[in-house]
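*Asks:* Sequence:
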Amino acid sequence: MPKVTMSRGKFNHLQATADNNGIIAAAAMDQRGSLKKSIEKLRGEPIPDSELTEFKKRVTKVLTRHASAILMDPEYGLPALEEKAPGTGVLLSYEKTGYDATVEGRLPDLLVDWSARRLVEAGADAVKILLYYNPYDTAEINNIKHAFVERVGAECQALDVPFFLEIIAYQDGLDENGLEFAKKKPDYVARYMEEFSKDRYLVDILKVEIPINVAYLEGSRAFKGGEAAYDKAGAIEAFKAAAAVARRPFIYLSAGVDNDVFEENLDLAAEAGTPYSGVLCGRATWKQGIPVFARSGGDALEEWLLDQGVKNIEVVNRAVYKGAKPWYDLYGGLDNIEVVG
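Using my numbering, the letters of the sequence shown correspond one by one to residues 1203 to 1543.
The calculated EDC-like cross-link candidates involving lysine to aspartate or glutamate, where the alpha carbons are at most 16 Å apart (straight line), are:
1) K1527 - D1469
2) K1205 - E1540
3) K1263 - D1509
4) K1263 - E1505
5) K1489 - E1242
6) K1263 - E1285
7) K1238 - E1253
8) K1426 - D1460
9) K1386 - D1339
10) K1238 - E1256
11) K1263 - D1501
12) K1489 - E1505
13) K1238 - D1251
14) K1205 - D1531
15) K1205 - D1537
16) K1442 - D1389
17) K1385 - E1439
18) K1238 - E1277
19) K1489 - D1460
20) K1442 - D1469
21) K1434 - E1420
22) K1385 - D1433
23) K1239 - E1253
24) K1243 - E1253
25) K1298 - E1277
26) K1386 - D1374
27) K1298 - D1311
28) K1434 - D1469
29) K1442 - E1396
30) K1442 - E1473
31) K1298 - D1315
32) K1386 - D1433
33) K1527 - E1473
34) K1263 - E1284
35) K1489 - D1462
36) K1400 - E1352
37) K1434 - E1473
38) K1426 - D1462
39) K1524 - E1473
It is worth saying that the hints were derived from the structure and are not from the lab.
Please put together the full structure from these sequences, using the hints given.
*Replies:* Laid out in structure tokens, this is it:
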């Protein structure tokens, strides 16, 4: 493999998000609207923004001791970064939470009072955006999304800061947790990994979905019976096919599944020999603490996190270290990267 050239800023910041072995074992705490709704539903009343910040502070304080980096939003989460463990990298979200369901295509939008420069000034080692993507959407919709990613990529490139692109597959009219979408998912994930590996997007790390829905994998612990979407051989092939088209390091997102389900997914990735470079895991580790916080407040949540939250993230970390490869392996290893600047 020929030498790969990388700017010093991008290289140093990528290393800041990874552990000493080049594995990105990051915690995600950038949930906003969905987290607020969950707490409000349990309390039966609206909550002030300060409660979201308090939740984020407690999670950050406990879980960053066991993570290489933390993904946070700049709207409610910046005070929480004061609680992070020393040496923990910081990723900041640049997109608005959710999407406008009245507009076709789940089009992305950025926080209007933030820029990549402002995120870096707030402490970001990397900038992250979330993109809903269907490779078979109309050319008009996907052209907008491609231009959007190009724009953010160029902004990050100008600031010499890594760009993490999180992609979630969807299809209007299909339940994304249902059988029919489960059958389409391997193809959708492979296609978006191939697309956004292209140089024009300037993506540094792809944050992608597990390419199957393990709840429809025959014989898996998550399988509840009924019709399956894949057998074991088909699932392994889905992991391999998606990885084969990636031209950027990629990490897996937990997508809100339960911790034991995410662990099973990572075990499958390891069995398939998938060269993924880590995880960004959020709700799988802390979502069971939401009722604790809603009922009993921050101290009770912290107590729960110190017990069950730590156990959850350690389970994920063990699964990651069984199979993950350093982010720089895709480029032929550290010795094959020429850092310039």
